[in-house]
Amino acid sequence: MKRWIPVVLVYIALIAWLLFSVFPFSTTLLIALKPKNAFMKFPPDYFSMKLTFENFKIVLSDKNWIKYYTDTIIIATLSAALSVLVGSLAAYSFARYEFRSKEFLMVFILALQMIPAASVIIPIYSMFATMNLLDTFLILILVDSVSSIPLIIWLMRGYFSTIPKELEEAAFIDGCSGMKAFWAVTFPLAAPGIAASAIYAFVRAFNDYIMARTLAGDRVVTYTVGLTMFTNQYEGVDLTLVSAAAFTALIPILIMFAIFHKHFIIGLTGGALKD
Amino acid sequence: MKKRKWIPILLIVPALALLIFVMMFPLGWAFVTGLKSMTLLDLMTGGGRFTGLKNYFKIFRDRLFYNSLRNSLIFVSISVIGQVFFGFLIALALKNKFVRFKSFFRGIFLLPWIASSVIVGYSWIYILDANLGFLPTLASVSPFLQMLGLNRKDWLTNPSIVIYVMSVINIWKGMPFSMLMQSAGLQSIPDTLYEAARVDGAGAWQRLTKITIPLMTPFILINLIMTTMITFNVYDVILVMTSGGPNHASEVLSLYVYNTGFTMGELGYASALSIILLLVNLLVTILYFMILRYRERRLA
Amino acid sequence: MGKFGKVAILILVIVMAFSSIAVAKQKVVLRVVTRTWAKELIAYATKKLQENHPDLDIVVDAKYYEYQDTRTQLAMRLARREPIDVMTVDHIWLGQFKDLMMPIPTSKVPHYEDWIPAFRKLMEKYAPKGYTLGLYGSTDVRMIFWNKEYMRKVGIDKVYIKTWEDVKAYAQIIKANLDKLPKDVDPVGFMAGNTEHTNSRWYDYLWAAGGDILTPDEKKAMFNKEAGIRALEFYGWFLKNGMTKPEDVLSPKNGEVYDQAFLNGKFVISLGNGHWLGDTTARNVGMTHEEFSKKFGAALIPAPASGGERGATVAGGYVWGVSKFSKHPDLAIEFIYYITGPDDWNVEGTGKYGIPTVKSALDTISKLPYADIIKQALEHAKFRPTIPDYPKIAEVIRDAIQKYVMNYKTKSAKEILDEAASEVNDILSNK
Numbered sequence: 001m002k003r004w005i006p007v008v009l010v011y012i013a014l015i016a017w018l019l020f021s022v023f024p025f026s027t028t029l030l031i032a033l034k035p036k037n038a039f040m041k042f043p044p045d046y047f048s049m050k051l052t053f054e055n056f057k058i059v060l061s062d063k064n065w066i067k068y069y070t071d072t073i074i075i076a077t078l079s080a081a082l083s084v085l086v087g088s089l090a091a092y093s094f095a096r097y098e099f100r101s102k103e104f105l106m107v108f109i110l111a112l113q114m115i116p117a118a119s120v121i122i123p124i125y126s127m128f129a130t131m132n133l134l135d136t137f138l139i140l141i142l143v144d145s146v147s148s149i150p151l152i153i154w155l156m157r158g159y160f161s162t163i164p165k166e167l168e169e170a171a172f173i174d175g176c177s178g179m180k181a182f183w184a185v186t187f188p189l190a191a192p193g194i195a196a197s198a199i200y201a202f203v204r205a206f207n208d209y210i211m212a213r214t215l216a217g218d219r220v221v222t223y224t225v226g227l228t229m230f231t232n233q234y235e236g237v238d239l240t241l242v243s244a245a246a247f248t249a250l251i252p253i254l255i256m257f258a259i260f261h262k263h264f265i266i267g268l269t270g271g272a273l274k275d
Numbered sequence: 001m002k003k004r005k006w007i008p009i010l011l012i013v014p015a016l017a018l019l020i021f022v023m024m025f026p027l028g029w030a031f032v033t034g035l036k037s038m039t040l041l042d043l044m045t046g047g048g049r050f051t052g053l054k055n056y057f058k059i060f061r062d063r064l065f066y067n068s069l070r071n072s073l074i075f076v077s078i079s080v081i082g083q084v085f086f087g088f089l090i091a092l093a094l095k096n097k098f099v100r101f102k103s104f105f106r107g108i109f110l111l112p113w114i115a116s117s118v119i120v121g122y123s124w125i126y127i128l129d130a131n132l133g134f135l136p137t138l139a140s141v142s143p144f145l146q147m148l149g150l151n152r153k154d155w156l157t158n159p160s161i162v163i164y165v166m167s168v169i170n171i172w173k174g175m176p177f178s179m180l181m182q183s184a185g186l187q188s189i190p191d192t193l194y195e196a197a198r199v200d201g202a203g204a205w206q207r208l209t210k211i212t213i214p215l216m217t218p219f220i221l222i223n224l225i226m227t228t229m230i231t232f233n234v235y236d237v238i239l240v241m242t243s244g245g246p247n248h249a250s251e252v253l254s255l256y257v258y259n260t261g262f263t264m265g266e267l268g269y270a271s272a273l274s275i276i277l278l279l280v281n282l283l284v285t286i287l288y289f290m291i292l293r294y295r296e297r298r299l300a
Numbered sequence: 001m002g003k004f005g006k007v008a009i010l011i012l013v014i015v016m017a018f019s020s021i022a023v024a025k026q027k028v029v030l031r032v033v034t035r036t037w038a039k040e041l042i043a044y045a046t047k048k049l050q051e052n053h054p055d056l057d058i059v060v061d062a063k064y065y066e067y068q069d070t071r072t073q074l075a076m077r078l079a080r081r082e083p084i085d086v087m088t089v090d091h092i093w094l095g096q097f098k099d100l101m102m103p104i105p106t107s108k109v110p111h112y113e114d115w116i117p118a119f120r121k122l123m124e125k126y127a128p129k130g131y132t133l134g135l136y137g138s139t140d141v142r143m144i145f146w147n148k149e150y151m152r153k154v155g156i157d158k159v160y161i162k163t164w165e166d167v168k169a170y171a172q173i174i175k176a177n178l179d180k181l182p183k184d185v186d187p188v189g190f191m192a193g194n195t196e197h198t199n200s201r202w203y204d205y206l207w208a209a210g211g212d213i214l215t216p217d218e219k220k221a222m223f224n225k226e227a228g229i230r231a232l233e234f235y236g237w238f239l240k241n242g243m244t245k246p247e248d249v250l251s252p253k254n255g256e257v258y259d260q261a262f263l264n265g266k267f268v269i270s271l272g273n274g275h276w277l278g279d280t281t282a283r284n285v286g287m288t289h290e291e292f293s294k295k296f297g298a299a300l301i302p303a304p305a306s307g308g309e310r311g312a313t314v315a316g317g318y319v320w321g322v323s324k325f326s327k328h329p330d331l332a333i334e335f336i337y338y339i340t341g342p343d344d345w346n347v348e349g350t351g352k353y354g355i356p357t358v359k360s361a362l363d364t365i366s367k368l369p370y371a372d373i374i375k376q377a378l379e380h381a382k383f384r385p386t387i388p389d390y391p392k393i394a395e396v397i398r399d400a401i402q403k404y405v406m407n408y409k410t411k412s413a414k415e416i417l418d419e420a421a422s423e424v425n426d427i428l429s430n431k
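Residue numbers (our numbering), protein chains in the order written: chain A, 1 to 275; chain B, 1 to 300; chain C, 1 to 431.
Don't take each hint at face value.
[Claimed, not checked] Some but not every residue of chain B turned toward chain C, in silico, with C-beta under 10 Å:
id: 1; residue: Ala-130
id: 2; residue: Leu-148
id: 3; residue: Leu-156
Please keep in mind that the hints were generated in silico from the structure rather than gathered at the bench. Every residue gets a Cβ at the ideal spot worked out from N, C-alpha and C, and that includes glycine.
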């Protein structure tokens, strides 16, 4: 009798948090599936079973929304590529080489990560304003990359140091140059870490709102900023339409995570959670 | 092999250059601007005039600053304790061998963490809004929710609870990060320890208090401190949901910096505030290093 | 550092090269920063401008923003000298933006004399003689509204609201009959959200009681004098007597949430709404003028039982200006004339609705619901201060109103207004 009690308790806890996790998203989906007039009365109509795909049709045929979306994908992809490349180079150096002021540089990079976004966003704005770079892809790519680089360095350094130096040296002896040995041996071995870093950087850039809202939002519009424009474009609050838009934006991330979340978890936890 | 000397530095240069360009320069700028009286419109003249420490003196008389500091302390302490506590519980629950569909659970749990703050903000507005929200509407017809005391409508408009509502939402959003960190920690405890304890007749409770918790302490500590540092700078969900209202009741320090700079256009004052925010972060970082040192010394 | 510097310069050069390719060609691009509701107006003015200049390839690049964002965006863009041609400025921001707007010679504006003198005075306030800072678009007034259907349900067929006591009396009847209305309906509502709407709707009552926001020289706060206390206590009466709840009126976001809640049937009486409630807001939820008039009643903002002024209202509205950095000022002037001027007020699809500020179009008011009341209200319309510090002051006053709504049980209106007044005086005195 005693043995099933903990089992039930554990499952109750897991399922409770599962429902909690999903609750806001399912509410959004419910609203998105409602006809427009469901929220033009008091109290709002949540409970009738009249559902429609009309809102999704409107949103998915909205040219602006599609443009916001592609803008976001471009920014997120390039920024992930940049931060993974730059981050793993630095991490490799920290993991493999001994040099003067290495300790200092590592602390310095970690300390940079502590700088709050709120502290630098105003200067970043005015700095890039004088360079005429506001509202470009480049600025968002740069800023988004920088926000993930410190963590990537930290993560990848751990990865590279678990890969035995001897492997590389063997390749080196076989006639590879230093860089070649890195690409041929170390890089593939560090693949899970790289995958995790890439996903991390992608998601961060994909979801960024404050930088995109402040530094761009005119020629370059990310979907997060676009979502807030949805509310305005139709003046008044059209819950159903905004919800539909929000949900369409969530789906790609959902799919990506359904496929990659194992790699992500394994990469982020250094392989501790393989099951 | 002679080249070796500059290779390591060369590898670091791109990362360092980016970080300095996008983080250090702006920080220096913020420091200088903090000493000026300057508004958004003064950007044009490159200007504003130097007023020395005037902005900083003003901060100490600014009731909205103290208000935001208080909100930050509430927001950070509840979020951090909640995230680490539930992260630990969920990680523990997921560690059990009998639990099936582990990666399914983990994947779903990650959802709030990976969803954009705008989507998260809107979703919660639609749940909590007094006149349109799902929860108030449901609660007005559900005796069960009324019994639980959930039949209120002032989630986002009652100044004495809105900051707690924001904290709970932040726990909801940040728990997965703690769960991942704690899971990694739990995985590092060898199974043989538990088996030995079981042979010695230790019950589940004893195994938890005598093995798991002591061995997990360092992970929990690091998790606590990292989450603290992250949470002091979190304000995007609040910005989306209430912009800090009503009457600044949900305005945390980082949001106050943002609102002062961009909504009010007071660049000089906002920069001074942002330096204070940086100092708060620095304080936490120093604490982090002190604890790490202490641990290393004890392990050595 | 040398290396970093070089890398930075290299990146800069590449980017500059890319961004410079985009420009060129001999077409004219008119850059407009405006509000979200102005799409129809922009389309109309674009068409007129293109028709009048067949020799030019005119492209209008318009950006639409929400209320608060419009101000921030204008400030940011003008701060970096972006060549914006046309800017839409809430008239209460005039003081802030006066140095960034190009004074327009009144001789260049056709029918300049057609603008109502009060509005002309405001447009010219910060401009040299013979010039104006912009052209005033349509304006708006506030009224008190009620839900006729609900009123009938509680047994009130005809509603006469002239004084504050009338409102209280109706509220008491409604409260006694709340069981006849859907659950959770409040007898009375007023705006106490996070935007300046909260201020402007309260000013009506402040003025109705004979008070003002600032002293006539605009150097000191005056809203904490007796009239202000009475006006705030008027709000407080409904809270104290359970006619409304803080959480129902402190809407977290913008004014639209409150307005829509009233249209949806959340409140029976709304102390203050823009006249546009029956026009654009109703249209947004798919309600025609006729449907609106059938469902909702309206009256002038009431006055206190003794003394005071009935019908006191804020006159809102936007000034359309030409920025100092405009590359095509003449085209821009023509453009804003099409938007604000007397032409085509009666034509569908021009986006010209609301209350005209030009005399020759005043008859179009009769198309609006409750036109006669709007016309009366217009005679009592007043402006808010337009000094540069006004937006800052407005935040303080809004905070005070919200604070009172939240703490009406423990703090007096006087206490809260005095606190706010001393803060406003600080802002006004030292900068």
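- Earlier hints that do not hold, by number: 2
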